[in-house]
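Protein chains: 4
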Amino acid sequence: MNTFGQLFRVTTFGESHGPAIGCVIDGCPPGIALDPEDFRHDLGRRASGRTRHTSQRHEDDVVEILSGVFEGMSTGTPIALLIRNVDARSKDYARIAGQYRPGHADYTYSRKYGIRDPRGGGRSSARETTMRVAAGVVAKKWLAERHRIVVRACVAQIGTRKPAQMDWDAVERNPLFWPDANEVADIEAMLDALRKSGDSLGARIDVIADGVPAGWGEPVYGKLDAELAAALMSINAVKGVEIGAGFDAVAQRGTEHRDAMTPQGFESNRAGGILGGISSGQRLRCSVAFKPTSSLRLPVASVDVEGHPVEVVTTGRHDPCVGLRAPPICEAMVALVLIDQALRHRAQCGDVIHDIPGVPAGKE
Amino acid sequence: MNTFGQLFRVTTFGESHGPAIGCVIDGCPPGIALDPEDFRHDLGRRASGRTRHTSQRHEDDVVEILSGVFEGMSTGTPIALLIRNVDARSKDYARIAGQYRPGHADYTYSRKYGIRDPRGGGRSSARETTMRVAAGVVAKKWLAERHRIVVRACVAQIGTRKPAQMDWDAVERNPLFWPDANEVADIEAMLDALRKSGDSLGARIDVIADGVPAGWGEPVYGKLDAELAAALMSINAVKGVEIGAGFDAVAQRGTEHRDAMTPQGFESNRAGGILGGISSGQRLRCSVAFKPTSSLRLPVASVDVEGHPVEVVTTGRHDPCVGLRAPPICEAMVALVLIDQALRHRAQCGDVIHDIPGVPAGKE
Amino acid sequence: MNTFGQLFRVTTFGESHGPAIGCVIDGCPPGIALDPEDFRHDLGRRASGRTRHTSQRHEDDVVEILSGVFEGMSTGTPIALLIRNVDARSKDYARIAGQYRPGHADYTYSRKYGIRDPRGGGRSSARETTMRVAAGVVAKKWLAERHRIVVRACVAQIGTRKPAQMDWDAVERNPLFWPDANEVADIEAMLDALRKSGDSLGARIDVIADGVPAGWGEPVYGKLDAELAAALMSINAVKGVEIGAGFDAVAQRGTEHRDAMTPQGFESNRAGGILGGISSGQRLRCSVAFKPTSSLRLPVASVDVEGHPVEVVTTGRHDPCVGLRAPPICEAMVALVLIDQALRHRAQCGDVIHDIPGVPAGKE
Amino acid sequence: MNTFGQLFRVTTFGESHGPAIGCVIDGCPPGIALDPEDFRHDLGRRASGRTRHTSQRHEDDVVEILSGVFEGMSTGTPIALLIRNVDARSKDYARIAGQYRPGHADYTYSRKYGIRDPRGGGRSSARETTMRVAAGVVAKKWLAERHRIVVRACVAQIGTRKPAQMDWDAVERNPLFWPDANEVADIEAMLDALRKSGDSLGARIDVIADGVPAGWGEPVYGKLDAELAAALMSINAVKGVEIGAGFDAVAQRGTEHRDAMTPQGFESNRAGGILGGISSGQRLRCSVAFKPTSSLRLPVASVDVEGHPVEVVTTGRHDPCVGLRAPPICEAMVALVLIDQALRHRAQCGDVIHDIPGVPAGKE
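Residue numbers (this note's numbering), protein chains in the order written: chain B, 78 to 441; chain R, 78 to 441; chain C, 78 to 441; chain W, 78 to 441.
It is worth saying that the hints were derived from the structure and are not from the lab. Careful, some of the hints might be misleading.
Intra- or inter-copy, both count: the list cannot distinguish identical chains.
[Stated by the list, open to error] Using 35 Å as the maximum straight-line C-alpha spacing, the simulated DSBU-like pairs for lysine-lysine come out as follows:
#1 Lys440 with Lys273
#2 Lys218 with Lys273
#3 Lys218 with Lys239
#4 Lys440 with Lys218
#5 Lys239 with Lys440
#6 Lys273 with Lys239
Remember, predicted model here, so these are calculated numbers, not experimental data.
Can you build the whole structure from these sequences, using the hints too?
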């Protein structure tokens with residue numbers, strides 16, 4: 078289960094402090110122009126050490142394309158991508174190999190496998206998400222070129238702090254993916270204080286996809302929203318996923334929630350662009366809850382591998398708010414779901430001819 | 078994609094107003110005692126017409142076992158279950174065959190397939206969830222007999238109304254799955270008023286599983302929480318899924334969120350029983366957001382299949398709060414995820430011998 | 078694993094003497110005209126009791142369509158097909174419930190599952206192949222309408238007897254699927270003698286598909302020939318599968334085996350229409366070896382379920398040459414592989430534009 | 078579809094003359110001791126350049142373990158293996174980039190993908206089988222340690238030449254995998270003459286597995302024999318697969334073919350160790366037909382990529398009999414099927430308790 082997707086299949090491998098991480102992308106359509114440079118932008122957006130607010134581990138994250146590309150074009154055969162780990166300081170973690178870090182996968186990996194690689198969290202480290210982003214680059218490229226689809230994500234909340242305005246154009250102009258340019262300095266000050274305190278905060282990430290045509294998604298168990306939920310929930314530290322109105326729908330009335338339709342388009346988008354598990358042609362809207370980092374220099378009670386009580390203090394490099402690096406990862410997972418559903422859709426419904434009029438996307 | 082699960086695989090079929098609905102359960106362990114009577118309890122809990130607050134369609138929902146059971150025991154071959162549709166009033170829906178009901182899958186099915194069965198919503202009807210519940214009965218039986226696992230769900234919120242106390246024992250003593258016995262009369266009054274108004278409300282369902290051993294779940298893309306998210310999000314009308322603290326984790330600090338461990342067990346359960354995608358041995362905790370029913374007798378703007386504006390009014394039988402029938406469905410989906418992960422776990426890790434002490438479940 | 082296919086997925090269920098057999102076809106393209114009558118022809122070709130040379134069990138094999146079809150057209154949702162078992166004489170088999178029939182799955186099912194349905198072979202009965210043929214009808218229809226593909230099979234050998242000529246037009250004009258019309262009376266006499274002797278014979282079935290375009294098949298593990306091999310080997314009683322020259326290739330020289338290409342087409346077809354796992358545009362050619370029936374009235378040594386030696390004599394209805402009913406089953410399996418590969422091909426390569434000339438099919 | 082297996086999943090990547098080939102093994106049980114040295118033996122057995130009768134391309138084939146192994150033990154996370162290509166002489170192939178080699182995948186890859194990597198056959202090269210052998214090493218290790226299963230293969234026929242005796246002990250004592258030690262010099266002379274002639278020959282490979290317990294295999298479409306057929310047919314140049322008696326079963330009578338059972342074991346093994354798709358506890362027996370190499374220095378008619386007639390002559394390094402390198406590949410594929418079925422069996426049937434006596438393996 079280190080493979081994601083049914084037709085556009087991504088298999089990732091590698092541990093945080095092992096020799097390398099990598100992935101194999103199988104089922105990729107042929108004829109996509111691909112170059113190692115293509116990965117630089119999104120990997121840079123995800124990278125740690127990008128601001129003073131994220132972990133100071135520096136990985137160059139240079140992607141080597143091992144297969145599946147000939148003279149700069151995808152050939153339809155598996156695309157293998159490799160990144161060597163160069164800045165893996167395993168000694169930082171040696172001390173806690175005999176302990177379980179609360180809030181981490183240390184204990185559960187031990188219970189499952191009877192063995193674990195403790196160096197930097199091994200396979201359960203967020204380092205694995207690098208390859209999701211890399212695979213997402215290929216998916217985004219195809220979605221953009223073939224369907225003009227754009228997938229974007231922003232930090233929509235840190236702790237209790239929400240942006241006053243939602244300006245998608247502002248998001249990429251600051252390293253915090255914050256959608257209100259006026260507040261960036263404020264947020265940076267808040268994060269500085271947080272880091273100084275030794276504690277951490279959770280975050281909410283909003284992800285949207287524009288340009289998704291109506292008709293993608295496979296009822297009943299392969300619903301577009303079900304697969305988005307799995308994709309996003311599979312990211313480290315995620316505790317919740319919403320589509321459209323999400324949990325706000327609980328308190329809404331039917332007359333309020335349902336999105337009226339007119340020849341000019343949908344009147345609202347509380348559904349988040351999905352009805353019955355199938356895209357409606359509106360903007361796709363998801364929200365994701367990231368928990369606060371558990372690895373802190375502030376001590377916490379735990380047990381060691383022999384069952385004795387210990388106090389755990391983490392001194393390695395960690396993010397005070399893991400959500401700050403999450404937007405490119407969320408985008409990647411949404412893009413991977415979309416390309417997979419797109420291929421599945423044309424497999425089954427490639428011959429469908431519509432003689433009925435479509436409804437425009439309408440209001441978002 | 079009408080199949081759920083990898084090893085314990087459930088394939089459902091059938092439309093709301095077609096001749097029958099059914100499912101095939103493949104990969105079921107042999108030796109489980111099974112009788113048509115086993116399905117009566119949970120199907121009764123899901124059935125419409127159980128209270129005056131749910132749709133008045135009456136289905137007997139008598140399950141016929143067509144295969145896979147010999148002399149009352151599962152044989153390891155596919156178990157086919159069939160329920161004939163007997164109270165399907167298609168004429169109620171004839172009028173709106175040419176229109177799209179806002180908030181429903183009518184439009185998206187048409188866009189995807191170029192054709193749709195409009196009778197009662199066809200395949201997109203909640204009628205399909207009957208077979209999820211039926212398959213869940215088999216899963217629950219195995220989980221209880223083999224692992225003493227109990228899966229339960231309740232209605233934890235209707236609209237803005239939350240129960241004053243969370244008494245799991247009270248849940249099954251009232252037809253609303255409400256966890257505070259003192260409030261049931263109140264809630265019923267609220268629902269009567271709601272039905273009279275012609276409007277509907279959303280609901281929040283909480284699901285728990287007790288007794289899940291540590292070690293179930295497959296990183297990285299088959300994480301237990303990722304599969305729970307997909308399973309629950311695939312239920313009709315669901316807009317959000319949370320594990321443990323869920324979206325509350327956004328506002329929490331790391332020192333607050335991480336669950337300390339002691340030789341006596343976990344000190345809290347904000348993780349919801351899952352760490353790194355693998356069960357920790359604690360209670361599994363999920364929450365699910367159900368949107369309010371969109372089919373109302375209060376009119377809404379829409380378009381017909383030729384793109385002209387129309388006003389849609391639904392006069393058929395509908396639930397003012399679909400969440401009221403959801404607990405057994407949510408339980409079933411969680412049970413299906415658990416049995417599948419249990420089988421996958423023993424496939425890969427069946428030989429793991431632990432010489433390390435386990436941590437008790439601790440506080441919930 | 079009672080599901081076949083990746084995108085066009087067929088799940089079968091049912092035991093020989095249970096209440097019913099059936100299947101669910103998921104992933105079927107929408108818009109195919111389907112009627113219960115469509116199944117009559119091929120089910121009739123497979124049916125026992127069609128000649129005096131096959132088992133005298135009479136099944137009407139009337140297919141009920143339970144879902145997935147609306148007003149005579151497939152809707153893209155799962156198509157469930159059901160056939161009630163009406164002539165299941167379980168008493169014939171009661172005596173051998175405590176014994177293992179050599180050459181049958183009795184013993185291995187018991188070892189695997191610890192329990193088995195002994196009535197008529199239960200799930201391991203060839204009765205299951207009825208639903209393969211039914212699902213194949215849908216596949217054949219799409220292949221014919223969408224791609225003008227025709228799949229045909231014949232009996233190419235019974236025991237040591239081979240037809241003097243290979244006349245595909247003759248095959249459907251006699252109930253033995255024999256490709257030489259002049260020999261049919263001869264073969265019938267041979268079969269009468271065989272049945273009288275109480276013994277049985279094996280058979281070789283040839284299957285061809287005309288009209289398959291170049292480009293179908295997924296290297297490396299989803300090769301077209303690999304999937305054909307699995308599909309055909311999964312049929313009861315099959316012991317060998319060949320593509321093109323098959324085992325004759327062992328004794329061939331490279332200069333003899335390789336099929337030369339010219340602008341007018343391939344010069345020969347020893348490859349059987351597949352190169353590197355991908356169709357070449359030539360006729361697809363497979364051969365299948367069916368073993369002789371093991372259930373005979375001539376006694377054989379065996380053991381009972383307590384391990385004691387017994388003599389097994391089978392008095393039920395059985396075919397002296399199971400191969401005589403195999404052609405429609407082989408055709409169905411080939412058709413199921415082809416439609417699945419066709420859908421997978423257009424998923425990945427739907428945008429491929431060829432500016433290079435194709436090579437005509439050429440000689441067969 | 079570059080992934081093989083359902084629970085023990087092997088994904089391979091890489092082209093013949095690309096930077097590297099590799100694989101990812103997912104779902105591997107934890108706790109298997111693994112070292113790069115473990116791969117040397119089988120990779121050496123498969124390697125070209127091992128005798129003067131195989132292609133003179135020299136690859137060191139040194140395996141780098143990139144992940145999934147910690148302190149010499151498998152951890153249950155994906156095992157990535159990498160081999161750099163060091164002796165890839167692409168210039169040998171430059172001339173035929175514009176032509177299609179008859180008997181090769183050049184034409185079909187072009188038709189499928191619209192683009193192909195012509196260097197050394199790209200992805201369709203037998204170079205890919207290196208990673209099958211590497212993955213097979215891990216499978217064999219687990220099968221041997223956990224179940225004492227031994228998988229072996231030999232060359233059972235070259236052209237029309239068959240060994241006089243079948244001595245499994247002799248097989249590994251000569252580089253031709255020939256089962257009659259007295260004939261090795263003869264065969265070498267035959268191969269020298271063949272190479273000198275510029276032509277090639279097909280071969281038949283026999284594969285056996287001893288120690289497979291009764292009960293492995295998943296009816297109906299995941300039958301052990303069906304999966305073996307797919308696994309073996311997926312190897313480059315294979316045109317036929319037989320289980321047990323194979324095509325000889327066509328000419329056999331039922332009284333001759335069925336294997337009688339006694340308390341002392343089976344009286345024969347024409348079934349090849351599989352009944353109803355499930356292992357019987359007897360020796361597993363398969364045969365595989367390999368076609369003769371198509372790439373020869375003797376000219377053949379073909380077309381170029383513009384459709385014009387050309388004469389193709391191959392001057393690169395090629396095997397006059399590809400079957401000579403096939404035994405380790407066949408063993409690997411059988412081992413991969415067996416470990417996957419073993420894991421699936423214990424997933425579903427891990428709790429089956431047999432109170433019935435088993436039948437010993439008996440005669441082979």
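Verification of the supplied hints:
1. In this homomeric assembly, Lys440 and Lys273 come within 35 Å of each other (Cα to Cα) only across copies, at 31 Å, whereas the closest approach inside a single copy is 43 Å.
2. For the identical chains of this complex, Lys218 and Lys273 are neighbours neither inside a copy (40 Å) nor across copies (51 Å), given an alpha-carbon limit of 35 Å.
3. Taking identical chains as interchangeable, the C-alpha atoms of Lys218 and Lys239 lie at most 35 Å apart only when both belong to the same chain, with a minimum of 31 Å there against 46 Å between chains.
4. In this assembly of identical chains, the alpha carbons of Lys440 and Lys218 lie at most 35 Å apart only when taken from the same copy (26 Å versus 43 Å across copies).
5. Within a single copy, Lys239 and Lys440 get their C-alpha atoms as close as 23 Å, and across copies as close as 32 Å, so both meet the 35 Å cut-off.
6. Taking identical chains as interchangeable, the C-alpha atoms of Lys273 and Lys239 lie at most 35 Å apart only when both belong to the same chain, with a minimum of 21 Å there against 38 Å between chains.
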